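Model the placement of chains R and B on the given structure of chain X, informed by the hints.
Chains as they are written, first to last, in this note's numbering: chain X, 1 to 502; chain R, 503 to 656; chain B, 657 to 979.
Please keep in mind that the hints were generated in silico from the structure rather than gathered at the bench.
All values reported here derive from a predicted model rather than from experimental measurement.
Errors might be hidden in some of the hints.
Unchecked claim - Below 25 Å or equal to it, Euclidean Cα-Cα: the simulated DMTMM-like pairs (lysine to aspartate or glutamate) are:
#1 B/764 <-> X/205
#2 B/894 <-> B/860
#3 X/462 <-> R/642
#4 B/894 <-> B/762
#5 R/599 <-> B/799
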Amino acid sequence: MEILAGLLNGFAVALEPANLFWCFVGVLLGTVVGILPGLGPPATIAMLLPLTFNMNPAGAIIMLAGIYYGAKYGGSTTSILMNVPGESASVVTCLDGYQMARKGRAGPALGIAAIASFVAGTVGVLGLMLVAPPIAKFALSFSSPEYFALMSLGLALVVLLAGRSIVKALLAALVGLWIASVGTDLFSSTSRFTFGQMELLSGIDFVVVAIGVFALAEVMVNMEAREETQLLPVPKGLRNLLPTLQDLKDCRFAFVNGSVIGFLVGALPGGGSTIASFLSYGLEKAVSPRREQFGTGVIEGVAAPEGANNSETGGALVPLLTLGIPGSGTTAILLAALVLWGFKPGPLFIPEHPALFWGLVASMYIGNVMLLILNLPLVPLFAQVLRMPVYLLYPLILGVSMVGVYSVSGSLFDLLLLMVFGLLGYLMRKLDYPSAPLILGLALGAGMERALRQSLMMSEGKLSILVSRPISAVMLSLAVLVLLIPMFGKLNAWRLRALEQG
Amino acid sequence: MEDGTRKSGDLWSGLALAALGFYIIIQASQWEYLGPDGPGAGFFPLWYGVVILGLSVLLIVSHLRRAHDRGNPTDWSRLGRALSTWFSLAVAVALFKPLGFVISFALLTYFIVAVMYRRPLATAALVAVATAAGFYLVFDLALSVPLPVGMLGF
Amino acid sequence: MTSRMSLIALAASLCAPLSFAQGFKPARTVDLVVHTGPGGGSDVLARAIAIMVEKEKLLPVRLQVINRPGGNGAVAAAHLAEKRGDPNTLGLFTGVWLQTPLVSAEAKVTLRDLTPIARLVLEPAVIAVKADAPYKTLADFIEAAKKNPGQLKQSGGSNTSRDNVVRQLLQKSTGTRWAYISFPGGGERIAALLGGHVNIMVIEPEEAGEHIRAGNMRVLAQVSEKRLAKFPQVPTLKEAGFDVPVVPQVRGVVAPPGIPKENVEFWQDFFLRLSRTPSWRKYIEDNQFEDGYQNAADLAKFYDEFTDRMREILKDAGVKTVR
Chain X
1 MEILAGLLNG FAVALEPANL FWCFVGVLLG TVVGILPGLG PPATIAMLLP
51 LTFNMNPAGA IIMLAGIYYG AKYGGSTTSI LMNVPGESAS VVTCLDGYQM
101 ARKGRAGPAL GIAAIASFVA GTVGVLGLML VAPPIAKFAL SFSSPEYFAL
151 MSLGLALVVL LAGRSIVKAL LAALVGLWIA SVGTDLFSST SRFTFGQMEL
201 LSGIDFVVVA IGVFALAEVM VNMEAREETQ LLPVPKGLRN LLPTLQDLKD
251 CRFAFVNGSV IGFLVGALPG GGSTIASFLS YGLEKAVSPR REQFGTGVIE
301 GVAAPEGANN SETGGALVPL LTLGIPGSGT TAILLAALVL WGFKPGPLFI
351 PEHPALFWGL VASMYIGNVM LLILNLPLVP LFAQVLRMPV YLLYPLILGV
401 SMVGVYSVSG SLFDLLLLMV FGLLGYLMRK LDYPSAPLIL GLALGAGMER
451 ALRQSLMMSE GKLSILVSRP ISAVMLSLAV LVLLIPMFGK LNAWRLRALE
501 QG
Chain R
503 MEDGTRKSGD LWSGLALAAL GFYIIIQASQ WEYLGPDGPG AGFFPLWYGV
553 VILGLSVLLI VSHLRRAHDR GNPTDWSRLG RALSTWFSLA VAVALFKPLG
603 FVISFALLTY FIVAVMYRRP LATAALVAVA TAAGFYLVFD LALSVPLPVG
653 MLGF
Chain B
657 MTSRMSLIAL AASLCAPLSF AQGFKPARTV DLVVHTGPGG GSDVLARAIA
707 IMVEKEKLLP VRLQVINRPG GNGAVAAAHL AEKRGDPNTL GLFTGVWLQT
757 PLVSAEAKVT LRDLTPIARL VLEPAVIAVK ADAPYKTLAD FIEAAKKNPG
807 QLKQSGGSNT SRDNVVRQLL QKSTGTRWAY ISFPGGGERI AALLGGHVNI
857 MVIEPEEAGE HIRAGNMRVL AQVSEKRLAK FPQVPTLKEA GFDVPVVPQV
907 RGVVAPPGIP KENVEFWQDF FLRLSRTPSW RKYIEDNQFE DGYQNAADLA
957 KFYDEFTDRM REILKDAGVK TVR
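Here chain X stands alone, though its shape is the one from the complex:
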């Protein structure tokens, strides 16, 4: 009842014409910055912060949050169309999204991304509204051993991302771990693998590697052929540009999976949308009856990670609003914004400012609807990008990649790194090493090492801490189970062969 009353009040706030307008401005801006690689929500919110000083705080937080979750909608666009991940959370979307585009199904891929974002985004807000306090408590009980188990589970998914050779997939993942440890070690301030470059002291940006290994390598492979075939067929007619009923049916589990994983991982201060999207993709693949087709353009391979990275927004707002603890760059700047407006985000924020909280929640329901309405008509429009002749499309992809990398840090050094990783990605393609495990290792490596070292510091060196705690024990067993999946496959094949021969 209390929730219903709160929500009604919230809608009263959110439906005020001014706030409705700010909500629209926020989601529109979010969509735009989401589509452009590099320019992310933190930078956009930081730029707009000065403008919000003369605004009503409710309108301001509604707009800034709109940028935050709106950007998640747009993030998949360049992943699907160009294999250029717009932000770290949409790296996984490249795997099946870009393959769908290559098969002429860019429209359904973009469409399902918008629909999954809407469904999971709404579930994320529902979670924020209904279970924020208990989830916050759960997040606090999550400590380093649990994070280590979570990252191990994520890394175990490598075997699911493997191509023909598990050994090569593992090697790629390990090289990812290596790249992740470049920089100053947080615990000891030791410089590791920096080759004397000061730019490497703070490590290598995930987006730089992902754009190099995916987008640059893809362009290089495609430029091998002189004959300029239309590589990416785009079917005519609006009907072929949106997901079919069958597509939606295929994605039923992906919607649930993405929503739940995204929300839970998002609520962890050390979680984040990258891990959420990888985990939901892995889970989707692990339980799918057509597991072996993942990576060739399967629609639920787009829906699950896109859903996860949107419901992550609702999750990430849980520790921010109930505890005043930011988990990611974007929530950190939202926290700074709240402080600048004179609020004190913390455990007492919601009880003391119910109108603001409920107004925000209600605006997020409205904003998600706006985003769906805004994004679906854009699908046919964006799908037209692929009608471009290749001699126009490839320079465009290269340009977008370079701007995307440069806008992250404004440094030419990162562009040099982009070149290095582009070449690496190409060589990996030629030598039949899968690139997804490399990205996965990179995404999880730093957090995994930290969590392991933190755990062992907490237990004074006893490894038993990793298995004596229930949540981490369960997750580690799951990781082992996932690692065994291909063995089962092999075992089964061997048994069948034995039966035939017998």
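Chains R and B alone, transformed into the frame defined by chain X:
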């Protein structure tokens, strides 16, 4: 099709990765393995270095044990096209500092359209100017995303 | 009214000896370089300064924030070093700019290589435990650490951060030892304490405020020379019986090397004027910072002393220093 390159590729990439694993182990052994409070900076790298070395040796051995049926030879012209794409991009990045993004990107586009895809020079020039101007308009002017600036001030 | 009067008086007193400095005025947009991405501590302060400059009309031109993240501050410092002689570029430094060159050979630009302008703020800290922890005072905690050497834990940032410096100083003066666990984000550090996974942490008073008010956290001592306005009941380290030096978290402004003296004077005067504005005072108070204004000459002296002390502390902590 790729079988030939792939098989000898397994050998060479295996050797490269073994070298990487060895390098990581050497580096990591110079850092603290266990400190007073817990694992040090060398702990994690040492372990993945050892695993990289082990797996790459496995890759090399399994390559050597396989029959050496050489498949198709490497298609050098395809490889050449891919590498010249990479090289032209590298030149463009190197030109960012003196010439700025807009001019370098126009040159890159011109090279790809005119040389790599053999389009008429006029088409190439048009495409190059249009895309470079488009990037400048969209990113620099409309969205104020800074692009690399050259000595000419744009 | 009085504040405005004193401002005029101050301006007059500054104008007299500095009248020759009137020659310089920034001609184009001024860049304020920070070493974090949007949302980082320095970025937030820099943007707040930009807003104040606009509101109080302190400059004839706009002041914009430039993010040069990377290299733990080294990239931003190197960016400034490259801008040799440019009077329209400034950098907002923090302790990281001092510490990174001390421990990382790759970071070649020290604050000494840049032109000091002004120190702006000192950020005090408090030592906090979870509200249901058995320690009522810092002495209780030290006692417990003595009984279980190495078994209590503190959450904090990197091992060169102020959190660890405070720990080192306390350990040295009391002959105790407890573990220090690094977490990359402030949120994770607080979560580790509130989740009961560590026993103690050093936290900024503003961050701790709401957790205290909600009854989740208790403050044992404050790391400052005198008691903070919002923590009148909590003893400083010295009052709690621990006579260790107070290591401040410092933020201030530097300029590229090789800029003319008159520009230095213009900027140190400018930041003095900024630090006297009501907006600045309110900002300082809201964030529970201390006004730490020092002019260029004093900042240079402060830097040398701070670096020497830091080097010694890091050596004691077993951290390899390279400069």
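Structure-based check of all given hints:
Restraint check for residue 764 of chain B and residue 205 of chain X: satisfied, since their Cα atoms lie roughly 22 Å apart, inside the 25 Å limit. Proposed proximity of residue 894 of chain B and residue 860 of chain B is supported: the alpha carbons are some 18 Å apart, at most 25 Å. Restraint check for residue 462 of chain X and residue 642 of chain R: not satisfied, since their Cα atoms lie roughly 54 Å apart, outside the 25 Å limit. Between the alpha carbons of residue 894 of chain B and residue 762 of chain B the distance comes to roughly 37 Å, so the proposed pair goes past 25 Å and is violated.
Taken as a hint, the residue 599 of chain R and residue 799 of chain B pair is broken in the structure, with Cα atoms around 60 Å apart against an allowance of 25 Å.
Comparing the model with each earlier hint shows violations of hints 3, 4 and 5; every other hint is respected.
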